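A.B. asks: What follows is each chain in one-letter form.
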Amino acid sequence: MEKEELFKVIREAKKGSPSAFETLVNEYKGHVYRQAMAMVHDRMEAEDITQEAFIKAYYSIKKLDREYAFVSWLTRIVSNLCYDKMKMKKRERDKQLVSAEQRDITAQSSFVEKTHARLSIKEALTQLSHEHREAITLRDIQGFSYKEIADILGIPLGTVKSRINLARQELKQILSEGEE
Amino acid sequence: MMAEHVFGLLSEYIDDELSIDEKKKVDRHLQECITCKLEYDNLRELQDQLFLNFKYEEPSDTVVQHIHRHIAADQRERVVIKGFILVVLMGLFLSSALFVPFLSAFQTLGHIILVFMYIGRSVVHSLFTVLAGNVYISGSVIIAAILIILIMIPILKYLISSTSIEARRSTS
Chain C
66 MEKEELFKVI
76 REAKKGSPSA
86 FETLVNEYKG
96 HVYRQAMAMV
106 HDRMEAEDIT
116 QEAFIKAYYS
126 IKKLDREYAF
136 VSWLTRIVSN
146 LCYDKMKMKK
156 RERDKQLVSA
166 EQRDITAQSS
176 FVEKTHARLS
186 IKEALTQLSH
196 EHREAITLRD
206 IQGFSYKEIA
216 DILGIPLGTV
226 KSRINLARQE
236 LKQILSEGEE
Chain F
172 MMAEHVFGLL
182 SEYIDDELSI
192 DEKKKVDRHL
202 QECITCKLEY
212 DNLRELQDQL
222 FLNFKYEEPS
232 DTVVQHIHRH
242 IAADQRERVV
252 IKGFILVVLM
262 GLFLSSALFV
272 PFLSAFQTLG
282 HIILVFMYIG
292 RSVVHSLFTV
302 LAGNVYISGS
312 VIIAAILIIL
322 IMIPILKYLI
332 SSTSIEARRS
342 TS
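Protein chains in written order, with our numbering: chain C, 66 to 245; chain F, 172 to 343.
To be clear, the hints were calculated from the coordinates, so they are not data collected in a lab.
Predicted model only: the values in this text are computed from it and were never measured.
Warning: the hint list may mix true and false statements.
[What the hints assert, rightly or not] Cut-off 20 Å, straight-line C-alpha distance, at most; resulting in silico cross-link-like pairs (SDA-like, lysine to any residue):
| no. | chain 1 | residue 1 | chain 2 | residue 2 |
| --- | --- | --- | --- | --- |
| 1 | C | Lys121 | F | Ala243 |
| 2 | F | Lys226 | C | Asp107 |
| 3 | C | Lys80 | F | His176 |
| 4 | C | Lys79 | F | Ala243 |
| 5 | C | Lys226 | F | Ala243 |
| 6 | C | Lys212 | F | Leu180 |
| 7 | F | Lys226 | C | Glu188 |
| 8 | C | Lys226 | F | Leu180 |
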């Protein structure tokens, strides 16, 4: 879709046109889903996040100041939802790891996974910290510039550079360990 | 003599985020240094692999259908709320307009009764005086309330049935 045409659709969606918003859903569903999938690595959860992100966007699109900031704004919504989802997952995982017995089993299986399984790039991505995964997802999968990532995440440009650099180094390291 | 390795700049280099001078420096270095060139190739491949692995990821059609259904349900809800407000306002307006002839009828009736029921004059007169004083407000409210209730019954029925349909759809 051409930029001017897209801005027109966003303006109409802001005025409350449901058909304009549906056009935006069709245009950006892949973009939102890819980000969610890279962050949570689970199809069902990624679809939940996609759905929730668009519903949130639908209710708050009137607050969007500038049409050209729509993609960054939508990405920020997805980013926050992924963060919440991962925090929730971590809490659940921590609960499950309460008993020492379970901890032992997990340690064993993770050792087995590390030594025998060759990790795919998608699996390797899940082993990065949330911040690093987020930065590399926005850069390499979504194609945002460093400046745009800094705006979306509300962090300094220098932090974006170092997060992306470290994420790549870590990812390379994880993949090479899997190959050994 | 070969310059120092440029590992620290390679990540920004592949993203085209370096200044012109830094970019030239890395360009020159990559032509001479095999180690950095290898690292550059690895980073480039990693970037391409990441992009390609997610490039064709798309949500299922049901996700989009859910979003569209949610928007449609919200639009229906808005129409119902707008209709409800309109009905209340119209009810108030109509009841106020209708009350004018009713008020004069009450007064006429009151006078006739006063003529024929002289004995109870003071009682009836006082009663109609009170009615004439307050009936404008109380009558309007009663008529409006009856109208609203009559109109709201089918709207509520519709809302309840559509909500239960939505609930059944989302659980199925």
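A.B. asks: Now tell me if each hint is right for this structure.
C.D. replies: Taking the hints in turn, this is what the structure says about them:
1. C/Lys121 <-> F/Ala243: holds, 15 Å
2. F/Lys226 <-> C/Asp107: With a Cα-Cα distance of about 16 Å, the restraint between F/Lys226 and C/Asp107 holds, given a limit of 20 Å.
3. C/Lys80 <-> F/His176: violated, 55 Å
4. C/Lys79 <-> F/Ala243: Holds: C/Lys79 and F/Ala243 sit about 16 Å apart, inside 20 Å.
5. C/Lys226 <-> F/Ala243: violated, 43 Å
6. C/Lys212 <-> F/Leu180: holds, 17 Å
7. F/Lys226 <-> C/Glu188: holds, 16 Å
8. C/Lys226 <-> F/Leu180: Distance ~10 Å between C/Lys226 and F/Leu180 Cα, so the pair holds.
Comparing the model with each earlier hint shows violations of hints 3, 5; every other hint is respected.
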